[in-house]
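Let chain E serve as the given structure and place chain G on it in line with the hints.
Number of protein chains: 2
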Amino acid sequence: MKEVVSGLSKKIRRVPDFPKKGIIFWDMTTLFKDSQGLKNTVDAFVEYYKDKNIDCIASIESRGFIIGSVLAYLLGKGFILIRKKGKLPYDTIEESYVKEYGADTIEMHKDGIEKGDKVLIIDDLLATGDTASAACRLVERLGGEIVGCAFIVELIELAGRKKLRDYSVFSLIQCKEDE
Amino acid sequence: MKEVVSGLSKKIRRVPDFPKKGIIFWDMTTLFKDSQGLKNTVDAFVEYYKDKNIDCIASIESRGFIIGSVLAYLLGKGFILIRKKGKLPYDTIEESYVKEYGADTIEMHKDGIEKGDKVLIIDDLLATGDTASAACRLVERLGGEIVGCAFIVELIELAGRKKLRDYSVFSLIQCKEDE
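Those protein sequence lines, which keep their order, are chains E and G.
Just so you know, we're using numbering that gives the first Met the number 0 here: the first sequence kicks off at 0 and counts up by one.
Just so you know, we're using numbering that gives the first Met the number 0 here: the second sequence kicks off at 0 and counts up by one.
Worth flagging that the hints you see were computed from the coordinates, not collected in a lab.
Hints may contain errors.
No copy labels: a pair is met if it fits in one copy or bridges any two.
Quick list of in silico lysine-lysine cross-link-like pairs, DSS-like style, CA-CA up to 27 Å [what the hints assert, rightly or not]: (1) LYS117 - LYS9; (2) LYS19 - LYS114; (3) LYS19 - LYS117; (4) LYS175 - LYS98; (5) LYS175 - LYS38; (6) LYS161 - LYS38; (7) LYS109 - LYS84.
Okay, chain E solo, but in the shape it has when bound (with noise of 0.2 Å):
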């Protein structure tokens, strides 16, 4: 396991079986209700992105606007909700992906980000990366550009960061999904 944050891992409640037999679920309700954890996680972030060139954080629902959401307060940036689709009430763009329990699809809104505006996506788990793929092409897509994207845990057997390769990913934890 490689952590930049020295512990943070243990903060992060592991759920066998949820939310389905044999997938180990990386909890992260107990590292946000610990201050200091949710402090931890946040500063790494900011430490890294402070002096990146970016115009807004974009966060897909719902633990991801957790972290994102802080993260555009901090660097005096806006943010941009990606959220499941259905739930956002102006025009939308959609992306379908498959990932590791199901299929889904994602939106944005269509004014959600300018042409030409530099974006930083950040969700709390990097698995299969088909997410944050889907939240890059969304974004793509509406003219923006990926300075990066950005993770808590980052489970490293299932290669999401091959599936992300033409982006800058960073990660605070990259460790196995048991470990």
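This is chain G only, laid out in the frame that chain E set:
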């Protein structure tokens, strides 16, 4: 209309007939993507709650997460997730309620808070108050004490404040649905 932060309501888009005909949806995405709008919103909550005795911030999925997590970070508190049924992986308690657009059930982890914790509930919109009221019941069933309920927008005609009469309610914008 009453606003704690002047001009804030203009940054929120109103989308007619979403999620169903006759509803005017207050679309916070335009507020959050505006870095100054996000900052002004959060800062107004920080100003109001910074000297209050609070142990943790609990927010309701998923737009509530966006404001609640920033507030938790800035006040140095833990952040607790209240989610739709089936999303939380560990042992939960649940509350069901009827809201503006139909029935719903929300959950918290049983170990989300400790007995005696002073909890601030925050969400983007106070409409009928049924969701926030269910959130308060979850916290209280776990032995927590509600410090207050905070919202960006309060739709006064729907009388949510009356449903939350046992609690201290603070909203940045008080107005009618079509204002």
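Do the hints match the structure? See the list:
1. Taking the shortest alpha-carbon separations for LYS117 and LYS9, only the inter-copy value of 26 Å comes in at or below 27 Å, while the best intra-copy value is 33 Å.
2. Within a single copy, LYS19 and LYS114 get their C-alpha atoms no closer than 40 Å, and across copies no closer than 31 Å, so neither meets the 27 Å cut-off.
3. Taking identical chains as interchangeable, the C-alpha atoms of LYS19 and LYS117 are never at most 27 Å apart, the minima being 37 Å within one chain and 34 Å between chains.
4. In this homomeric assembly, LYS175 and LYS98 come within 27 Å of each other (Cα to Cα) only inside a single copy, at 18 Å, whereas the closest approach across copies is 41 Å.
5. In this homomeric assembly, LYS175 and LYS38 come within 27 Å of each other (Cα to Cα) only inside a single copy, at 24 Å, whereas the closest approach across copies is 37 Å.
6. Taking the shortest Cα distances, LYS161 and LYS38 never come within 27 Å of each other, neither inside one copy (29 Å) nor across copies (36 Å).
7. For a Cα distance limit of 27 Å, the shortest separation of LYS109 from LYS84 inside one copy, 14 Å, qualifies, whereas the shortest one across copies, 30 Å, does not.
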